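A.B. asks: Work the whole structure out from these sequences, hints included.
Listed below, chain by chain, are the residues.
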Amino acid sequence: MEYINQIKLEMRSKSENEAFARSVAAAFTSQFDPTVEELTDIKTAISEAISNAIIHGYQDKVDGIIKMEIAATASGRIVIIVEDKGVGIEDIDKAREPLFTTGNSEERSGMGFTVMESFMDKVIVESTPGEGTRVTLIKVLDQTNGF
Amino acid sequence: MEYINQIKLEMRSKSENEAFARSVAAAFTSQFDPTVEELTDIKTAISEAISNAIIHGYQDKVDGIIKMEIAATASGRIVIIVEDKGVGIEDIDKAREPLFTTGNSEERSGMGFTVMESFMDKVIVESTPGEGTRVTLIKVLDQTNGF
Amino acid sequence: MGITFEMIDDILIAVLSGELDHHSSLEIREEIDHTFDAFQANNLILSFEKVTFMDSAGVGVIMGRYNKVRSKNGKLVLSGCSEYIDRILDMAGIYTIAKGYPSTKEAIKALRREKGE
Amino acid sequence: MGITFEMIDDILIAVLSGELDHHSSLEIREEIDHTFDAFQANNLILSFEKVTFMDSAGVGVIMGRYNKVRSKNGKLVLSGCSEYIDRILDMAGIYTIAKGYPSTKEAIKALRREKGE
Ligand SMILES: Nc1ncnc2c1ncn2[C@@H]1O[C@H](COP(=O)(O)OP(=O)(O)O)[C@@H](O)[C@H]1O
Ligand SMILES: Nc1ncnc2c1ncn2[C@@H]1O[C@H](COP(=O)(O)OP(=O)(O)O)[C@@H](O)[C@H]1O
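Chains A, B, C and D, in that order, give the protein sequences. Following numbering that gives the first Met the number 0, the numbering of the first sequence begins with 0 at its first residue and continues without gaps. Following numbering that gives the first Met the number 0, the numbering of the second sequence begins with 0 at its first residue and continues without gaps. Following numbering that gives the first Met the number 0, the numbering of the third sequence begins with 0 at its first residue and continues without gaps. Following numbering that gives the first Met the number 0, the numbering of the fourth sequence begins with 0 at its first residue and continues without gaps.
Quick caveat, the hints were computed from the structure, so don't treat them as lab data. Since the model is a prediction, treat every value here as computed from it, not as a measurement. Heads up, the beta-carbon is just placed ideally off N, CA and C, and yes, glycines get one too. A portion of the hints provided could be inaccurate.
Stated by the list, open to error - Mimicking DSSO-like on lysine-lysine, the simulated pairs with C-alpha atoms at most 30 Å apart in a straight line are:
#1 A/K66 - B/K60
#2 B/K93 - B/K121
#3 A/K66 - B/K7
As the list claims (entries may be wrong) - FRET-style restraints, in silico, Cβ to Cβ:
#4 C/K98 - D/T3: 49 to 57 Å
#5 C/R111 - D/R86: 13 to 21 Å
#6 C/E105 - A/K7: 42 to 50 Å
#7 B/E9 - A/A73: 15 to 23 Å
#8 D/E26 - B/E9: 38 to 46 Å
#9 D/S70 - C/S16: 53 to 61 Å
#10 A/L98 - C/G115: 28 to 36 Å
#11 C/F38 - B/Y2: 37 to 45 Å
#12 A/N103 - B/E9: 42 to 50 Å
#13 D/K104 - A/D32: 31 to 39 Å
#14 C/F38 - D/E82: 46 to 54 Å
#15 C/H33 - A/K60: 24 to 32 Å
#16 D/I7 - C/K104: 51 to 59 Å
#17 C/E5 - B/E36: 34 to 42 Å
C.D. replies: Here's what the structure looks like:
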């Protein structure tokens, strides 16, 4: 897959950066004339992945490093990779189930991965306990947009 | 200097990324309640530095990598570093003179560094011919902003 | 994210505005609970009309408030959810614990109607 | 960045809108020159009223158009520059080659006055 444009971003595991990551994704993706819905879908999925890295990966510690990569292919595919070096996930299949959460059940709904899957065309989760997690989100933009 | 928040961004030397880099800087800096003028000053200086990396550093080749770092200190200092691995600058003092340009004189005004200096509180230029250039831009935000 | 409150009878109306994510949910969660207790409210309307962005953190906020309101034998209802927010809430099964109405006015009417029964 | 044109007598008015940087300057430069030739204009007004961002690439655009217009013995004038754009143009000494007016109307008047002389 050849990318026509690509950026890499490194940020700290501070919750302020959730909004920042969404803005960056919106600014990058805007180059490719997405619809308002496509842009919102992408922002929502990224928000889930970054929040997960902060809350679960780094367990609310603010000095973790989160990497985000966003790339676009000539065929209108937006590929986003969110990576943390946090605690990792023991059972990925279970983690992806709707309503499953290891977080504070008063705060977390266990719907993060379900939302990502619903709003993106593909979600790949790779994780090693003790080493970290890497979530790949793929969205195929509507070709009629003049891509 | 301890940073309260910091991001690192890597992008390609494509001119579309000038606007993208400005958006990223605006999204990051907005966390610290800058005035509209301060935000515009920062966006303008960054636009000059990124354009220079693309036009002069990588001589309009689109596959160069530009690194941008933005950090904020508790005292309200915004520190931006723009780095390229391009051709570098032979004579930095001369390059910083108003109206000096090695670019196409129909297109480039030679005012890039002058604009950066005028809109930022400090501009540091480090460069090695054949290795690349690193521009550090510092802006002290107005403390009364509730920083 | 901003939040403003209004009290009608024993109904607290919390009008959320801006972006509702994990970061902003931390603050508004406390603000809602604190105001709910201070005003001795029994019922709660969460108004989403001015919410410009929401992810699953919004679902968490609603579930937490549901438990709070239920402890007072009150009701939680939602108003002004966009099609987009609706999709997330529906996915999470939120409408089985809290009904949604197009506007706050209709939400108030519905709460009053139930009390009248 | 967008650009729209209007022709009054032998004056081409180019109304720029959006963000003027190195990237966008590449396109509008050509568009202005092409339109200037096609309409056989002699004078050029660059309107900045709708420009929301500009860096020194804007200075380059003006200098290049100045050379173009001068080759037709015409005049280049600017209109609607914000205080911010003004600061950059002033720094670059642009006002020694092109006068600036608050509005396009005043720019047209000034060009006509000069012709009348
Ligand atoms: N980056 C991550 N690092 C470690 N664990 C994670 C990460 N992302 C998700 N998880 C695990 O997967 C579970 C389900 O995640 P998700 O569906 O997003 O719901 P929620 O965030 O509401 O818990 C989390 O509770 C957590 O145990
Ligand atoms: N990143 C860079 N890499 C190599 N040369 C540079 C770089 N930035 C600036 N220069 C040199 O410094 C000169 C002056 O730059 P500047 O003041 O920004 O004006 P301009 O970009 O209009 O030429 C350029 O013409 C170029 O020779």
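A.B. asks: Now tell me if each hint is right for this structure.
C.D. replies: Structure-based check of all given hints:
1. A C-alpha spacing of about 26 Å is found between A/K66 and B/K60, which places the hinted pair at or below 30 Å, so the restraint holds.
2. In summary, the hint linking B/K93 to B/K121 is supported, as the alpha carbons are separated by about 18 Å, within the 30 Å threshold.
3. A threshold of 30 Å between alpha carbons decides the hint, and for A/K66 with B/K7 the separation of about 9 Å falls inside it, so the pair holds.
4. Judged by the Cβ atoms, the range 49 to 57 Å given for C/K98 and D/T3 holds: they are separated by roughly 50 Å.
5. Checked against the hint of 13 to 21 Å, the C-beta distance between C/R111 and D/R86 comes to roughly 59 Å, which is inconsistent with it.
6. Look at C/E105 against A/K7: about 47 Å separates their beta carbons, and that is inside 42 to 50 Å.
7. At about 21 Å, the beta-carbon gap between B/E9 and A/A73 stays in the expected band of 15 to 23 Å.
8. About 26 Å separates the C-beta atoms of D/E26 and B/E9, a value inconsistent with the hinted range of 38 to 46 Å.
9. Range check, D/S70 to C/S16: Cβ separation about 56 Å, and the 53 to 61 Å hint holds.
10. Separation of A/L98 from C/G115 is about 35 Å and conforms to the stated range, judged on CB atoms against 28 to 36 Å.
11. Separated by about 41 Å at the C-beta atoms, C/F38 and B/Y2 satisfy the suggested range of 37 to 45 Å.
12. Distance hint check for A/N103 and B/E9: the Cβ-Cβ separation is about 35 Å, which falls outside the suggested range of 42 to 50 Å.
13. Checked against the hint of 31 to 39 Å, the pair D/K104 and A/D32 passes, with Cβ atoms roughly 35 Å apart.
14. For C/F38 paired with D/E82, a C-beta distance near 48 Å keeps the hint of 46 to 54 Å intact.
15. Distance hint for C/H33 and A/K60: a CB-CB separation of about 27 Å, consistent with the stated range 24 to 32 Å.
16. Take D/I7 and C/K104: their Cβ atoms lie about 54 Å apart, and the range 51 to 59 Å holds.
17. Our hint of 34 to 42 Å for C/E5 and B/E36 holds, since their Cβ atoms are close to 37 Å apart.
Of the hints listed earlier, those the structure fails to meet are numbers 5, 8, 12, in rising order.
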